[in-house]
Amino acid sequence: MEFTPTQIKYLVTIYALNQNGLVRSMDVAQQLEVSRPSVHRMLLQLEQEGLITKQPYSVVKITQSGEAFMKQYYWGYCLITRFLQRNLPLGEAAVCEGAFALLGEVGPAKLDELCRALTVGNETYMELLEPGNQPQLS
0 MEFTPTQIKY LVTIYALNQN GLVRSMDVAQ QLEVSRPSVH RMLLQLEQEG LITKQPYSVV
60 KITQSGEAFM KQYYWGYCLI TRFLQRNLPL GEAAVCEGAF ALLGEVGPAK LDELCRALTV
120 GNETYMELLE PGNQPQLS
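Position 92 of the sequence shown, counted from 1, bears residue number 91 in numbering that gives the first Met the number 0, the numbering being contiguous throughout.
Keep in mind that the hints were calculated from the coordinates and are not lab data.
Careful, some of the hints might be misleading.
Said to hold, decoys possible - Result set (EDC-like, lysine to aspartate or glutamate): computed pairs, CA atoms no more than 20 angstroms apart in a straight line:
1) K109 x E91
2) K53 x E66
3) K70 x E96
4) K109 x E46
5) K70 x D111
6) K60 x E48
Given only the sequences and the hints, what does the whole structure look like? Please build it.
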């Protein structure tokens, strides 16, 4: 399955919000600073792909297959943003958009390979995955 940078942004956001509990479409709209109709359209796409189910009252549930994709993209996002922040003089918004663009170009088949190749200073791939090393979503 290939995803656009915008779809990946939604996947990463839903996964991150899910770590804190219940995910509602309103929460996704607030986090991404987009309209609720935009969120509704994207959630329909993700539901058609089998990655989420949308419950009554706007509750978003991640499916089993969705969990695997979202987790992979979330950690890819974390690693890439961390790498970009430490190695390029970019603002936070540019780092986030750059990470999503790169994730969209790499695709899921090469994502793990890319993440394993990234090292930041003396940190290894696994050290970057430790709790507390995840960047904030923008």
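Here's how the hints hold up against the structure:
For the hint pairing K109 with E91, the CA-to-CA distance comes to about 25 angstroms; that exceeds 20 angstroms, so the pair is violated. For the proposed pair K53 and E66, the alpha carbon gap of about 15 angstroms is at most 20 angstroms, so the pair holds. Restraint check for K70 and E96: the C-alpha separation of about 18 angstroms stays at or below 20 angstroms, so the hint holds. The straight-line distance between the Cα atoms of K109 and E46 is roughly 24 angstroms, outside the 20 angstroms bound, and the hint therefore fails.
For a cut-off of 20 angstroms, the pair hint linking K70 to D111 stands: about 11 angstroms separates their Cα positions. About 13 angstroms separates the Cα atoms of K60 and E48, which keeps this hinted pair within 20 angstroms; it holds.
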